[in-house]
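Listed here are the chains, written in short residue letters.
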Amino acid sequence: MLRYSLHRATLMVPTLVMITVVTFFIIQLPPGDFLNTYIANLEQQGLDVTDAEIQTIRQRYGLDQPFHAQYVKWVTGMFRGDFGLSFEWQRPVRVLIWGRLALTFVLSSVSLILRWLVAFPLGIHGAVRQYTVGDYVATGLAFVSASIPHFLLALVMMWIVFRAFGHNITGLFSQEFAGAPWSVAKVVDLLKHMWPSVIILGFFGSAGLVRTMRANLLDELHKPYVTTARAKGLPEYRLTMKYPVRVALNPFISTVGWTLPQLISGTTITSIVLGLPTTGPLLLRALKSQDMYLAGSFLVLLGVLTVVGTFISDLLLGWIDPRIRYS
Amino acid sequence: MFAISRRQFLRVGALGAAGAVVVACQPQTVVIKEEVTKEVEKVVEKEVTKEVQKEVIVEVEKVSANQAPEYQEMVKGGQLPPLEERVSLEPMVITPYEEIGTYGGVWRNGYLGMADTFQFSKKVHYEGILRWASDNITTVIPCVAQRWVVSSDAKILTAYLRKGMKHSDGEPFSADDIMFWYEDIILNSELTPKINARYVNAGEPVTVRKLDDLTVEFSFPVSNPLFEQRLATHHGSLPTTPKHYMQQFHPSYVDPAELTAKAKQAGYDSWATFFQSMDLGMSNWANPDRPVLDAWSLSVPVGVGPQVSFTRQPYYWKVDTARNQLPYLDEVIFKLHADVQGIVMDAVAGELDFQHRHIDVAEYYPLLHEYAEEADYEIFFLLPDKMNEAAAWPNLTHQDPVKREILQNKDFRIALSYAIDKDALNTTVWRGMAPPRGAAPWPESGFEHKRLETLYQEYDPDKANALLDKHYPNKDSDGYRLGPDGQRISFIVEITASHVDVIDMFEMIKVYWADVGVEITLRPLDRALYTEHRNAGEFDIIGHKYVEKGLFPLLGYSPWVPTGNGNQWYVWYRSKGEKGQEPPEAIRRQYERADAMVTETSIDRVRATFMEILDTAADEFLIIPVVGMSQPFGVKKKAFRNIPMEGYATTSWPDPAPQNPPQFFWKEG
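In the order they appear, the protein sequences are chains A and B. Here the first sequence stands for residues 1 to 327, where the numbers follow this note's numbering. Here the second sequence stands for residues 1 to 669, where the numbers follow this note's numbering.
By construction, these hints were calculated from the structure, which means they are not laboratory data. There may be inaccurate statements among the hints.
[Claimed, not checked] In the DSSO-like style, the derived pairs of lysine-lysine whose C-alpha atoms are separated by at most 27 Å in a straight line are:
| # | chain 1 | residue 1 | chain 2 | residue 2 |
| --- | --- | --- | --- | --- |
| 1 | A | LYS288 | A | LYS73 |
| 2 | B | LYS264 | A | LYS73 |
| 3 | B | LYS403 | B | LYS545 |
| 4 | B | LYS210 | B | LYS155 |
| 5 | B | LYS545 | A | LYS288 |
| 6 | B | LYS262 | A | LYS73 |
| 7 | B | LYS579 | B | LYS194 |
| 8 | B | LYS410 | B | LYS510 |
| 9 | B | LYS510 | B | LYS463 |
| 10 | B | LYS637 | B | LYS667 |
| 11 | B | LYS450 | B | LYS410 |
| 12 | B | LYS637 | A | LYS192 |
On a predicted model such as this, the values are computed, not experimentally measured, just so you know.
Produce the entire structure from the sequences given, and follow the hints as far as they go.
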C-alpha cells in the first residue's frame, strides 16, 4: 500500500508540470492578447488608445517577451505564492481567487451532499424494486432532469420565483448584506438566496448518479454471492447495504477525484445565469478576455485539484477494494 | 451654442458667483436670484474683482446650512469638524432639477465586470476642472475651478480654484494636486507613455503652471480652441490627483528601492502598476483609501464581492440652493452581473433605480415596458452619440487594384446604398426603433446637416441598377455583374462574431445586393482578429457596429474624414507622400481642413471649417450607413427624483454625471 501510494505520488509531479505548460500554451493560442480586449473595450466606450500607450502597457505586463520567458516568470512566481497580476482587474490574482473560493466551496459542497442524499436512496430503490411504480417515477424524473440544461432550469426557476414572490433571486446576498461583514443575519440571508441554486445544482444534478447507482447495483444483485448470503438467511436490508451496495460504490469512488475541480468550476453557466459571485464566471470571463495569469492560475488550480482528487480516489479505492492494489 | 466666447464664459462664472451670493442673502426666494444674477453680471463683465469674491465668502460663513443626519451627530460628538469648515468657502451651488431633496437612500445600478467600470466614472467620478452643463452638450460650466479665463489667442486657459476646498479625507485641495498630476503623472513616461489626446494639440502637449495656491495655468504653443470642451469631457482619469496621499507611491517622493519592494510585496511587478492600482479611475477601483473630490467615495472595491459600493463623504464641496450639503443619497452601489439578463431581471423586479446602460437594447423594450407599472418605474429616452446601428465601410485603399477601383467608384457605393431596404431592416431587426438615417451629426450638436441626413436613404433598386449598368453592365450566368477584369464582382464582408444584430442585417443585405448583381460573402470573426484586420486595412468591406460621434463630431471625425481602418490615403498624407497611396484632391483637402481646424483661434471658425468637412463628406459618400440608430432608453424608479427624463447617452458628456447625481434623491410617499 505504501509503495503504491508513493508511486502514485511521484507520478503527480511530471503531470503537474505538463499541466502548467499546456495551460500556458493554450491560453496564448488565440490570436492577439489581453490588450486587444482592453483596446476594444475602451473603443466601445468611445475612448481612444494610442500605439505608444499600447506598447508601454505591453512592456509593463511583459507581453512583449517570448513565450518561454513569460512562462518561467509565471511558474517561478507561483512557488512563492505569487500568481501574477490580473490584467483586467488590476489586482493580484490570489486576492481575486481567494475572495470567491470560500463561497464557491460552500455552495458546491452543499449541492454535492444534497446530490448524494437524493441519488443513493433513489438509485438503490430503483435497483432493489426494479420495474415498480417507484422505479418508473424515479427513472422518469432522472431522465427529464438530466436532459434539461441547468441554466435553463435556473432561468425558469428565476421566473417562477419572481412571478410567485415578486423578488429576484439572482446573487447570493441581498443588497444590504452584500457589503456587510459576516453576521447571523447575513448567514440567514445567504441561506435564503442559496436554496434555488442548491436545488438546481443538487437535486437536478443527481439524475446521472441515480442511473449509475441503479445500474451498478443491478449488476451486483444477481451475482451468486448475493444469493448465497440470502440463502444463509441474512436480513434483506443488511444484505443489500453490506455487500452489493458497497461494490456498486466503486465507480463513484474512482470518480470522486473529479468532484474536487467541479467544486470550483462545475457550475459556471448556472452561476452566470443566477449571478452568483462564485469562481466559475470569473474563470470564463478571464478566458474570454485573455487575462492570462488569472485564467492560467485558475486552470492550474483545477489541474492540481484533479490530480490530487485522482490521487485520493486511488487511495480510497485501494483501501475499500483490496483487489485494486495488486493489479 | 457649441462653445463659449470670453464674454459668455464670464457670464457662466458669474452665475456660479451669483448662486453663492443668492444663497448668502436669501436662499428661499427665486426672484432675488434673478436680480442678483443681473447685478453680478454687470460687475463681472467689467472684470471679476477680488472684492466681490471676498464679499461672497464673508456672507457664506454666516449662513448655517444643513447636512446629512449622521454628520450632525458626528459634529455634535466632536468626531467631525462643523460643516462650515468642511465645505469649501466658495462651494458650488447646484440648483435641484425639481425640488430640494431629503437625505438618505441608495442608488442601485448593475455592472458587467471590469470592462464596464467606466460607468463608475460616469456616475460618481466626474469632478474635473470644468464640466458640462446639465441640460445640453455644448455649454461648459465651472466645476473644481470656480471660474476660468481663456486668452484671446486661445493658447492659455487660467483656472481659479475654490478656496477652502477639501479632499474626502479632510486634507485641503490646491494647485499642488493639479501640479502633481501634471509633473508626476503626465510627464512621467512610465505612468504616461503617451499623453492623452485631450492634453495635446497639433502634436504639442500642454504645459501647466502654478500661479499661486489657487490658480493654475494651462498653456499650448498653438491655439487650442477646443480645450475647454476637452477639459469638460471625461477620459477616466482626472487632473485632480490627491498629492498628499498618492506621493507615497511615487519614486520622486519616496525611496525607489523601498517602493519597488512594497509593490512586489503587494503583488505588483513594478511601482508604476502599483501606483495605478492605488489610484482611481479607468479600470482601477481597488483602493478605498484613496481620497476623492467626489460626492461618494469608494467603500467596497472591485473584485472582492458581489457589488461595488460608494458611500457619502463628509467633505463634499457642493450645496443645493438652500445651503444643504450634497449629496442627498447615502450610497451608490453597482451589483456585479455576469450577464445582461441579470440586469434586465433586476429592472423588472424593481431593483434597478436609474440606468440605461446594457438594458437599452431594442429586444428588451417590450419586457421592460410590460413591467413598468408593476415594478414602479418609468422609461426614459436618451439621444445617443451614435448615428447608425451599423454601416458598411468599404476598403477605399484596397491592396487589390481591381477591388480598389470598384470600391473607389462613388456610383458603386451609392448604388449599394439605394439597393438596401432600410425600412425592412428596421422592422425585422430593430422592431421599428431604428428608422433610416444617414451618418449626419444630430442637430443638438450644433452641426445639423440636412443633406447628409437623407443622403441616398431611399430604397430604390431601379436607381441602383441604373448606376451599376453605367459601369458594370455585363453579368455572368448567375446574374452577378462582372468587374473591369471580367471576373464576378464579389466581396467578403467581415463582421465581429458577437455582433449578432449586425450579422442579421447583413444576411438581409446580402439578398438585396444580390438582387442588383453584387455578391457578398459574410465572414464573422473573433473580435481580436476583426480588429487586427480592420486596423491593418486587410479587408474588402467591414460591417461595423455603430457610427459614432453624432453629438461630439469635433472630438472624433472618422465617419467624415477617412483616417482609420488602415486607410492608405491617410498614411500618405501623414508621411508626406513617402508611404501609402496618394489621395484624391477632395480627400487631401479634408485632411488639411481637419488639421487646420484644431489650431483656429475661435470656435466659430472651427465650426465653419467643420461644416465644409461635412459638405465634402456628403459629396464623397465614403461609408454606407445601413440603418439609423435605435434610441437608447432606461428605467427610472418613479420615486427616484430630480432626474430629467431626457438626456444624452455618450462618453464625452459622461451621462448621467452632468445631470448632477449628488442632487438625486428618494421622495417619500
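Here is how each hint holds up against the structure:
Between A:LYS288 and A:LYS73 the alpha-carbon distance is near 23 Å, which keeps this suggested pair within the 27 Å criterion. Between B:LYS264 and A:LYS73 the alpha-carbon distance is near 14 Å, which keeps this suggested pair within the 27 Å criterion. Restraint check for B:LYS403 and B:LYS545: the C-alpha separation of about 23 Å stays at or below 27 Å, so the hint holds. Restraint check for B:LYS210 and B:LYS155: the C-alpha separation of about 16 Å stays at or below 27 Å, so the hint holds.
A threshold of 27 Å between alpha carbons decides the hint, and for B:LYS545 with A:LYS288 the separation of about 20 Å falls inside it, so the pair holds. Straight-line distance between C-alpha atoms of B:LYS262 and A:LYS73 comes to about 19 Å, which keeps the hinted pair within the 27 Å bound. For the given pair, B:LYS579 sits about 24 Å from B:LYS194 by alpha-carbon distance, which is consistent with the 27 Å threshold. With a CA separation close to 20 Å, the supplied pair B:LYS410 and B:LYS510 stays within the 27 Å bound.
Between the alpha carbons of B:LYS510 and B:LYS463 the distance comes to roughly 18 Å, so the proposed pair stays at or under 27 Å and holds. Taking the CA atoms of B:LYS637 and B:LYS667, the gap is near 10 Å; set against the 27 Å cutoff, the hint holds. Of the pairs offered as hints, the one joining B:LYS450 and B:LYS410 holds, with about 20 Å between alpha carbons and a cut-off of 27 Å not exceeded. Note on B:LYS637 and A:LYS192: the hinted pairing holds, with a Cα-Cα distance of about 26 Å set against a maximum of 27 Å.
Violated hints: none; the structure is consistent with every hint.
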